[in-house]
Amino acid sequence: MTGAFPVAELGHFALVLALALSLIQSSVPLWGARSGDARLMGVAPATATAGFLYVALAFAALTAAHLQSDFSVQNVWENSHSAKPLLYKITGVWGNHEGSMLLWVLILTLFGALVARFGRNLPDSLRATVLAVQGWIGSAFLLFILLTSNPFARLDPAPLEGRDLNPLLQDVGLAVHPPLLYLGYVGFSIAFSFALAALIDGRIDAAWARWVRPWTLAAWTFLTLGIAMGSYWAYYELGWGGWWFWDPVENASFMPWLAGTALLHSALVMEKRGALKIWTVLLAILTFSLSLIGTFLVRSGVLTSVHAFATDPTRGVFILGILVLFIGGGLSLFAWRAPTLKQGGLFAPISREGALVFNNLFLVAATAAVFVGTLYPLALEGLTGKKISVGAPFFDLTFGPLMIPVLLAVPFGPLLAWKRGDLAAAAQRLGVAMAASVAGVLAVLLLSGSHAALPALGIGLGLWLIAGAFSELAERTRLFRLPIAASAARLAGLPRSAFGTALAHAGLGVTLIGIVATSAFQSELITEVQPGDRVEVGEYGLTYVGTAPMTGPNYRAEVAHFRVDRDGVGIGTVTPSKRIYTVRQMPTTEAAIETYGLSQLYVSLGDRSERGLVLRAYYKPFVTLIWLGAVVMAAGGAASLSDRRLRIGAPRRAASRTTDPVPA
Amino acid sequence: MTRKQRRLAMIGAAGGVLSLALGLVLFALSDQIVFFYTPSDIAQKGVQPGTRVRLGGLVADGSVHRGDGGKVSFEVTDTASAIEVTYTGILPDLFREGQGVVAEGVVGADGAFRADSVLAKHDENYMPREVADALKKQGHWMEKSAQ
Numbered sequence: 002m003t004g005a006f007p008v009a010e011l012g013h014f015a016l017v018l019a020l021a022l023s024l025i026q027s028s029v030p031l032w033g034a035r036s037g038d039a040r041l042m043g044v045a046p047a048t049a050t051a052g053f054l055y056v057a058l059a060f061a062a063l064t065a066a067h068l069q070s071d072f073s074v075q076n077v078w079e080n081s082h083s084a085k086p087l088l089y090k091i092t093g094v095w096g097n098h099e100g101s102m103l104l105w106v107l108i109l110t111l112f113g114a115l116v117a118r119f120g121r122n123l124p125d126s127l128r129a130t131v132l133a134v135q136g137w138i139g140s141a142f143l144l145f146i147l148l149t150s151n152p153f154a155r156l157d158p159a160p161l162e163g164r165d166l167n168p169l170l171q172d173v174g175l176a177v178h179p180p181l182l183y184l185g186y187v188g189f190s191i192a193f194s195f196a197l198a199a200l201i202d203g204r205i206d207a208a209w210a211r212w213v214r215p216w217t218l219a220a221w222t223f224l225t226l227g228i229a230m231g232s233y234w235a236y237y238e239l240g241w242g243g244w245w246f247w248d249p250v251e252n253a254s255f256m257p258w259l260a261g262t263a264l265l266h267s268a269l270v271m272e273k274r275g276a277l278k279i280w281t282v283l284l285a286i287l288t289f290s291l292s293l294i295g296t297f298l299v300r301s302g303v304l305t306s307v308h309a310f311a312t313d314p315t316r317g318v319f320i321l322g323i324l325v326l327f328i329g330g331g332l333s334l335f336a337w338r339a340p341t342l343k344q345g346g347l348f349a350p351i352s353r354e355g356a357l358v359f360n361n362l363f364l365v366a367a368t369a370a371v372f373v374g375t376l377y378p379l380a381l382e383g384l385t386g387k388k389i390s391v392g393a394p395f396f397d398l399t400f401g402p403l404m405i406p407v408l409l410a411v412p413f414g415p416l417l418a419w420k421r422g423d424l425a426a427a428a429q430r431l432g433v434a435m436a437a438s439v440a441g442v443l444a445v446l447l448l449s450g451s452h453a454a455l456p457a458l459g460i461g462l463g464l465w466l467i468a469g470a471f472s473e474l475a476e477r478t479r480l481f482r483l484p485i486a487a488s489a490a491r492l493a494g495l496p497r498s499a500f501g502t503a504l505a506h507a508g509l510g511v512t513l514i515g516i517v518a519t520s521a522f523q524s525e526l527i528t529e530v531q532p533g534d535r536v537e538v539g540e541y542g543l544t545y546v547g548t549a550p551m552t553g554p555n556y557r558a559e560v561a562h563f564r565v566d567r568d569g570v571g572i573g574t575v576t577p578s579k580r581i582y583t584v585r586q587m588p589t590t591e592a593a594i595e596t597y598g599l600s601q602l603y604v605s606l607g608d609r610s611e612r613g614l615v616l617r618a619y620y621k622p623f624v625t626l627i628w629l630g631a632v633v634m635a636a637g638g639a640a641s642l643s644d645r646r647l648r649i650g651a652p653r654r655a656a657s658r659t660t661d662p663v664p665a
Numbered sequence: 155m156t157r158k159q160r161r162l163a164m165i166g167a168a169g170g171v172l173s174l175a176l177g178l179v180l181f182a183l184s185d186q187i188v189f190f191y192t193p194s195d196i197a198q199k200g201v202q203p204g205t206r207v208r209l210g211g212l213v214a215d216g217s218v219h220r221g222d223g224g225k226v227s228f229e230v231t232d233t234a235s236a237i238e239v240t241y242t243g244i245l246p247d248l249f250r251e252g253q254g255v256v257a258e259g260v261v262g263a264d265g266a267f268r269a270d271s272v273l274a275k276h277d278e279n280y281m282p283r284e285v286a287d288a289l290k291k292q293g294h295w296m297e298k299s300a301q
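These protein sequence lines are chains A and B, in that order.
Residue 2 is where the first sequence starts when you use this note's numbering, and the numbers rise one by one after that.
Residue 155 is where the second sequence starts when you use this note's numbering, and the numbers rise one by one after that.
Derived by calculation from the structure, the hints in this document are not laboratory data.
Among these hints, one or two may not hold up.
Claimed, not checked - In the DSBU-like style, the derived pairs of lysine-lysine whose C-alpha atoms are separated by at most 35 Å in a straight line are:
#	chain 1	residue 1	chain 2	residue 2
1	A	Lys343	A	Lys420
2	A	Lys387	B	Lys199
3	B	Lys199	B	Lys225
4	B	Lys225	A	Lys388
5	A	Lys420	B	Lys158
6	B	Lys199	A	Lys388
7	A	Lys343	B	Lys158
8	A	Lys387	B	Lys225
What the hints assert, rightly or not - Chain B side only, calculated, beta carbon under 10 Å to chain A, not exhaustive:
#	residue
9	Leu176
10	Val179
11	Phe189
12	Ala214
13	Val226
Backbone N, C-alpha and C fix where the C-beta goes; we use that ideal spot for every residue, glycine too.
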């Protein structure tokens, strides 16, 4: 392909142009905002849009190189193979360090271009400053790519065949996981840029929160889906049935999620009541800082795990520099300018604001606990050379207790009035939810005995969240106190954000029930089987039929066949397999997962011993609720986002506050 | 409540929650973390039987024995010392003799290591970091060329 169009050079050139545009975007509009020059400020949207188009061109060029299997491009040679299926040729573009950084910047500039496009009704100086801050971030990461991680480096002579992509990454789950995740945590850069712009301007008001909230909400929604997708990928691809390992790489995406959740809620207080301004600005800075720390953890190679594709210290030091610059710079600017922002809005401790502050305190404390557990081992090793591992027990003991108060309090929040609430009245309205929760606890205890006390309480808490979430809707529609038709009419008249809140909170409960039920009631079986053997796991029987070889496009596989029965009645077959990817000579286990209702049967293969094939089977009751809950939460985010009040670009600084019927 | 009292209440609540978090973290760090040892560390310093540790090194050649019901035993070595490890369950895909491994578990009174989890490297380029460092210490580490 060397005689063909020099697509890699085109991509490289586009990236350099994008950097040049980004540097202009970083400086000129800022000068314009200081001097009040509309023409200079007008440079911001143009450069943001053009910069995005050039990065998109570079990304397209890299994709083209991967599609053509142009092994003269080092990145393609290292991560592709001519026999790799088409889908993985595309997803392989971001299944490696250089490509995934390019995706990161692509999404960053995409958000910049969206602010340029939809921010037309922002005050000119605010829009110019926000885009300039976006430009700083873009410049830093474009420099990082061009100086340390150029995806367009050539090899001469060009190898004839590529080294293939890590087989664990040749998977549909991985195709969507990184883009979703990046849409999430790069999306928080907008909140960061708005926060810095507010500090530079020295001006902040409720309208600011109304602009920031849709972006934060969109980022949060994508991040929720991205984390859930990553968890499901680990669950089915790694072959041992775990769905969350408290691995630093997972924590790297979870910390911005926790902080982002806090930010969503505090921005709500700011939008409605003009209180918590300084706190909200700080949270916006912290949330994106955690995203940057996540990028550092995953991309610098300080951790060794499947995500740390590259181990090159110059990259680590470079990202660390970016980290220090933006986090340090952001926090310094905050320390310097925050006192000039006017605080406002008084409220009693028992009020909607109070509940949201409660939420924020515990979420931030939980984030801090996860932060310590993730970074302490690295710090300790760096300082003393001692090596430790901080695993699930640490997080169970710290994160768990800090989340319980929040979960208990969630249903109260929406039922309390702004400014001064009535806790007893809210509790009264939650009577049905309490009854549902207690009934759930008793049902679990009756079914599984008193040793299941903790899981019963966990499931009760999940039901409390779900029923509590809908209590608010029932309350606002006067369900059962008005004729059903009148309630339905009220329901149709509710703002979409009310459904958003209810869905997001209910989704949390759904996930919690999934986690508790799977952890407490799963059955696990490890055994050896010979053809004809029947083993039982949970309510299911597995009969081993035999093993057959199979050849895939870039792997060989041994596929085992099992007949599945429930109480002796055949209900299907499962075919777990072991694959060897021929190029890398790397084995992988492909678990067979069968979904029955909300529960799953999970069968994976071990090695062959003298006594037969080693089999690991799990029955995981209600496991799908873990991810379904996340989808419900994201649906809540999307519903809120579609609310007219919040639609991107809708808010206007002079607009009068919408009249939102506060539940009496 | 006056503005000042409210602010004090807020600061008090924040302080309370943060000290709760700090207390939990410190308690968990003192109790729930697991130290990493090489076979040489255990041979020289010894480990209290029953303490949870992570053990890293290479799986000694010819040491893997598979028993009934998924029971496996193997030796982990850092070339200076070796320690016997027993484990029940399915070993990771990339568990092989002569390759790096990290086992987490407890040392029994008999000196054998009972692992409840065994981690191997994820792909052919990757060696658990602790193992690489331990081998470097023993002077048996060769940098892999970029191929």
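**Q.** Restraint check, 10 Å cut-off on beta carbons, for B/Val226 near chain A
**A.** holds (9 Å)
Q: Classify the hint on B/Ala214 as holds or violated, based on whether any CB of chain A lies nearer than 10 Å to its CB.
A: Violated: closest Cβ of chain A sits about 18 Å from B/Ala214, beyond 10 Å.
Q) Going by Cβ atoms only, is B/Phe189 closer than 10 Å to chain A? A) holds (5 Å)
Q) Between A/Lys343 and A/Lys420, is the straight-line Cα distance small enough, at 35 Å or below? A) Answer holds: A/Lys343 to A/Lys420 is near 19 Å, not above 35 Å.
Q. Under the criterion that the straight-line Cα-Cα distance not exceed 35 Å, is the pair B/Lys225, A/Lys388 satisfied?
A. Distance ~29 Å between B/Lys225 and A/Lys388 Cα, so the pair holds.
Q.
Min Cβ distance, B/Leu176 to chain A: is it shorter than 10 Å?
A. Status holds, d = 8 Å.
Q) Is A/Lys387 close enough to B/Lys199, meaning Cα to Cα at most 35 Å? A) holds (14 Å)
Q.
What's the verdict on B/Lys199 and B/Lys225, does the C-alpha distance respect the 35 Å limit or exceed it?
A. holds (29 Å)
Q. For the hint on B/Val179, does the least C-beta distance to chain A fall short of 10 Å?
A. holds (5 Å)
Q.
Hinted pair, alpha-carbon criterion (35 Å max): A/Lys387, B/Lys225. Please report holds or violated.
A. holds (32 Å)
Q. Taking only the CA atoms, is the gap from B/Lys199 to A/Lys388 under or equal to 35 Å?
A. holds (15 Å)
Q.
For a C-alpha distance cap of 35 Å, please report whether A/Lys420 and B/Lys158 respect it.
A. Status holds; Cα separation ~16 Å.
Checked against the numbered hints listed earlier, the structure breaks hint 12 alone; every other hint is satisfied.
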